Amino acid sequence: MILLRLFFEFFKVGLFAVGGGLATIPFLYDLGARTGWFNAMDVANMLAVSESTPGPIGVNMATYVGFSCAGIPGGLAATLGLVTPSIIVILLVAAALHAFRQSRYVDAAFYTLRPASTGLIAAAGWSVFLLVLLNLPDFRAGGDLLTLFRWKNILLFAVIWVLTNRVKKLKKVHPVAFIAFAAVAGIVFRLGGA
Amino acid sequence: MPLLLDLFCTFFRVGLFTFGGGYAMLPLLQREIVEKKKWATEEELLEYFAVGQCTPGIIAVNTATFVGCKQKGLTGGIVASLGIVSPSLIIITVIAAVLENFAHIPAVQNAFAGIRVAVCVLILNSVVKLLKSAVKDKLTLIVFLVVGVGAALFRQVSPIWFILAAALVGITARVWLHAGKEGRT
Chain G
1 MILLRLFFEF
11 FKVGLFAVGG
21 GLATIPFLYD
31 LGARTGWFNA
41 MDVANMLAVS
51 ESTPGPIGVN
61 MATYVGFSCA
71 GIPGGLAATL
81 GLVTPSIIVI
91 LLVAAALHAF
101 RQSRYVDAAF
111 YTLRPASTGL
121 IAAAGWSVFL
131 LVLLNLPDFR
141 AGGDLLTLFR
151 WKNILLFAVI
161 WVLTNRVKKL
171 KKVHPVAFIA
181 FAAVAGIVFR
191 LGGA
Chain A
1001 MPLLLDLFCT
1011 FFRVGLFTFG
1021 GGYAMLPLLQ
1031 REIVEKKKWA
1041 TEEELLEYFA
1051 VGQCTPGIIA
1061 VNTATFVGCK
1071 QKGLTGGIVA
1081 SLGIVSPSLI
1091 IITVIAAVLE
1101 NFAHIPAVQN
1111 AFAGIRVAVC
1121 VLILNSVVKL
1131 LKSAVKDKLT
1141 LIVFLVVGVG
1151 AALFRQVSPI
1161 WFILAAALVG
1171 ITARVWLHAG
1181 KEGRT
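Each protein sequence line maps, in turn, to chains G and A.
What the first sequence shows, in the working numbering, is residues 1 to 194, in sequence order.
What the second sequence shows, in the working numbering, is residues 1001 to 1185, in sequence order.
Chain A on its own, in the form it takes in the complex (with noise of 0.2 Å):
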């Protein structure tokens, strides 16, 4: 098979076969990437794995993408980030569609009633989850609380504004205050 079309198949699976994405999708990474294609040794995975984390965008495309580019540059890149969507497209396409048909049943309606009281308890499960690795120290803990309480004060502001105010905090805080006292001593 040829190398585009085997990333693309085989990111497809790992799309088709994930649930959830980030974590989920490590172990079926590392059989897929690791032990069949032997794209990547089990490091280089985890270190892809870790940027992806720690770039922007979904961790799932990030680490499809960088495979892609280790073997075959901005193609394989391109490619590989659309073998690891194309499912989603797909079943997300048929079931919005079947959906729309159906909204009007009121089975239908109280199931997602009941639905979207599952979806509460996720989020927040998720949000400990979060918490727990986010959170390590005073300056975190304060990051956290202002910005969920000014992003659910402030509705009209958009996002963007608190994850590059963090970012910059985070800078200030962690590199140049910490230089400054560094320089001192």
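Extracted from the complex, chain G is given alone in its bound form (with noise of 0.2 Å):
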């Protein structure tokens, strides 16, 4: 039964996702890795859309794979997977705010539970580049080092980087126009190839 396979590994996401938005990602990949419903090609697409349409990203993305899985009750039962452990925990949380607020323990937890958060990012972010910047499965087969970089990509990466980290009037402009940016560009310069 898919919908309840997608609310339960929503629901497990929900759980252990600590640090909302991209720390749905490292989730996310395991999952289309473990069932195939999608590869990590399709979890950069979502990303992409989950960061220029409203709402929370996490949703979005749940909402997103969800409904390419199962159309639109896959994506409610996704998305009511992903909210369902967070009713439950803030529930119990609410009830004693203070002993929650105070506790060493929960202090002590969240100390290394962010820099782990940000590995699992980080290492669910190496992916991405591995497939988008370079050309693994070209350079297997020929072992051309010419044919290992994507140098398009690369050079268009350079370009956002520099725009977003370096050029201070562009710091508060909001990542949908970076996005909107790098689509033109994939346009003009043909960067899927079609």
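By construction, these hints were calculated from the structure, which means they are not laboratory data.
Note that the structure is a prediction, hence the values are computed from the model and not measured.
Cβ atoms here follow ideal geometry from the backbone N, Cα and C, with glycine treated the same way.
Be careful, since some hints might not be right.
[Unchecked claim] On the chain A side, residues computed to face chain G include the following (Cβ under 10 Å):
#1 P1002
#2 L1005
#3 T1055
#4 G1057
#5 I1078
#6 A1113
#7 L1145
#8 A1152
#9 V1157
#10 F1162
#11 L1168
Both chains come to you apart, so use the hints to assemble them.
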């Protein structure tokens, strides 16, 4: 029963993804690899759509994955799965807010949970990097070092990195603007090879 | 307007006008929850938001549930969180359905190839930002490196195990070992 499976898988994501937003990505990679529902390329596409549309990124990703697996009921099942642990946990915490805020255990656990969550995101990001900036399948087949790098992609990566990090005026600009810019560049320079 | 409907509509608006969730949501929450509805004071809202960050799950959903709970218990919490996720459900479903029909067009494929490059930069920028707030000393640096390298090398291991192990390391290092030291002195 795919709807139950979606609910359960996203329940786990909601329960273990710490730090919101991008923290769901490593779990989605894992989910895609285990189930074969979608691949790493799909995750990058979904992330782009989720960042460019209103709503929390994690919720958008859940709806997207659920919809692409099982239509509208799938999107509903995945999203409900994602929020259910939040509702349970917050109800418990709200009942004992003072004890929770003062707890040394919670404080200590989150002290190391944050860098761990960042590490998981970095590892998932690394997989996207390999996929987008390098051409490992062609390189393995031919062994020619020149085919290893996707030069146009690397150049675009450098341009966007400089724009987002080194140009002061653009630091406050919303990521959507850079996603739109990259989409235009992709069409103009035929980055997909299509 | 009945309170439950009001909760749903208010958080529906917050979900609709927030791009990216997390911190981007805070100014909007302040206006809607504190100034307009007076469901919480400024301090309470910041407290809910802080708790939303130190509990599992999506920060935006956690905060919405919290405010809803305070207003009308379990039902309030459920209604508020349904409100904040509803815009995503509608918008993403429409976009995903449209994209499925246009995915074969070359221009769309090329556009997404470009967009994936932008996503790489956005992930890199986010990781750098998260690193600055998460890595404060040797312990947190080691946790970041071990989890990062470990997760990249052993992809078949579920992220859940890394999360559980990290929590255990934190509690061991900061509560139990620390308590031991205090006990000796």
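Against the structure, the hints come out as follows:
no., hint, result
1, P1002, "violated (20 Å)"
2, L1005, "violated (19 Å)"
3, T1055, "holds (5 Å)"
4, G1057, "holds (4 Å)"
5, I1078, "holds (6 Å)"
6, A1113, "holds (4 Å)"
7, L1145, "holds (7 Å)"
8, A1152, "holds (4 Å)"
9, V1157, "holds (9 Å)"
10, F1162, "holds (6 Å)"
11, L1168, "holds (8 Å)"
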